[in-house]
Amino acid sequence: MREVVAVPEPARDDPRALMIVMHTAFFVLLAASLARYLTRHGESPHTPWIVALSALLAVLYVLGPALGTRPTPRRLTWLGAVVAAWALLVVLAPSFAWCAVPLFYTGLRTLPPRAAIPLVALLTALAVAAQLELAGWPDPNVLLAPPAVAAVAATVYVVMHRQAARQSDLIDDLVRTRRELAATERREGTLAERERLAREIHDTLAQGLSSQRMLLQAADRLWDTAPGTAREHVRTAALITERGLAEARRFVRDLAPADLAEGGGLPRALRAVAERETAPGLTVRVHTEGTAPERLPAPVESALLRIAQGALANVREHADATTAILTLTCLDDQIVLDVMDDGHGFDPAGNHRTAARGEGRGHGLPAIRARLRQLGGTLTIESAPGEGTALSAAIPLERR
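Per the numbering used here, residue -13 is the first one in the sequence shown, and the count goes up by one each step.
These are computed hints drawn from the structure, not numbers from a lab.
Each residue gets a CB set at the ideal place from its N, CA and C atoms; glycine is no exception.
Mixed in with the good hints there might be a few duds.
Per label pair, the in silico range of CB-to-CB distance [what the hints assert, rightly or not]: (1) Ala67 <-> Ala21: 22 to 30 Å; (2) Leu177 <-> Pro352: 14 to 22 Å; (3) His32 <-> Pro104: 28 to 36 Å; (4) Pro285 <-> Arg148: 39 to 47 Å; (5) Arg56 <-> Arg26: 38 to 46 Å; (6) Ala21 <-> Leu49: 22 to 30 Å; (7) Gln320 <-> Pro104: 52 to 60 Å.
Required output: the full structure, derived from the provided sequences and hints.
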């Protein structure tokens, strides 16, 4: 059976496709209008002016993206020049009225709705007048179709713009909420760890120090009258000190992986863990595949080492296995740690449901999931009763 845990990330829509379509449509319509004019009125005295204005309008339109989309003075001056050049073209050659539709989009992107709607109405009126001049009589389609198209285009754009703004606000709120939640979880985890350490220190080091103090005080009182008893108190205090030192070293080992501090990177640290875990009845081996980077990020090394320790603890306590194999696979975009054993296995789905209900006493797999979740990694577990267990932890890396 297989269980995969992953953390998805939200994505944002990209409006570049709409921009490309509108820009392409403008140049296609401009070229078509110029071709129509040259085909039908190529010998007109206005032809040089039409060609020059068409080239000027094309150059002005190309300069637009470099000015951004905000209504800055330069952007507004550019928009006025584009509209003026187009209007003059429409007066001289009414067939250029078809370029109005992409200009609707340009005006709506540049101006706020209260200013963009009057501009769209002005462009529509010029387009209707030009088409009526071409038709030669008041055609109902010419009178009604352009305003209807302009109204639909403006309404659709304004509605989509408002929806995109609301969606952007919702995404920002979601990201902010997730960050606040992550910060809260980190604070709660820090407080919980502090409480755990306080209990550990109180029950071990503090109690040991208190016992040493009483024993040494008693030895001081009996040093002259009962030196044998005093020396016994001192020896007992020394034994308590030795146990306290062992506890302190265990705290240091739990808080910061000592195997990594010794140098040699993650492969060497995994081999050190395997040597310590190897005992009568259980053999732990380590394999490395691929070329590991000279230095992995410290959180990744620490997480993988802790995952290996937690997985081997589960093997030792629950699996009744004789062999466990740690395999570290180094790829260009991720690093994978596999832990396999030949124990009696279990049902991953049943284990996950039990952990979700808060039953059982194991914390190994939830801790592994939490570590991987913090680094954007995935956990895969393959196991079945009587068939051993294969645990795979993958953490993404920046491509080398």
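- request: Evaluate the given range 22 to 30 Å for the C-beta pair formed by Ala21 and Leu49.
  value: 24 Å, holds
- request: Mind checking the hinted window 14 to 22 Å against the Cβ distance between Leu177 and Pro352?
  value: Since Leu177 and Pro352 have Cβ atoms about 18 Å apart, the given range 14 to 22 Å holds.
- prompt: Between Gln320 and Pro104, does the beta-carbon spacing fit 52 to 60 Å?
  reply: 55 Å, holds
Consistency of beta-carbon spacing, Arg26 to Arg56, with hint 38 to 46 Å: With a Cβ separation near 41 Å, Arg56 and Arg26 satisfy 38 to 46 Å, so the hint holds.
- prompt: Cβ-Cβ distance between His32 and Pro104: within 28 to 36 Å?
  reply: Holds: the Cβ-Cβ distance is about 29 Å, inside 28 to 36 Å.
task: Go ahead and decide if the range 39 to 47 Å is satisfied by the Cβ distance of Pro285 to Arg148.
output: 41 Å, holds
query: Ala67 and Ala21, beta-carbon distance inside 22 to 30 Å?
result: 24 Å, holds
Against the hints set out earlier in the document, no violation occurs for any number.
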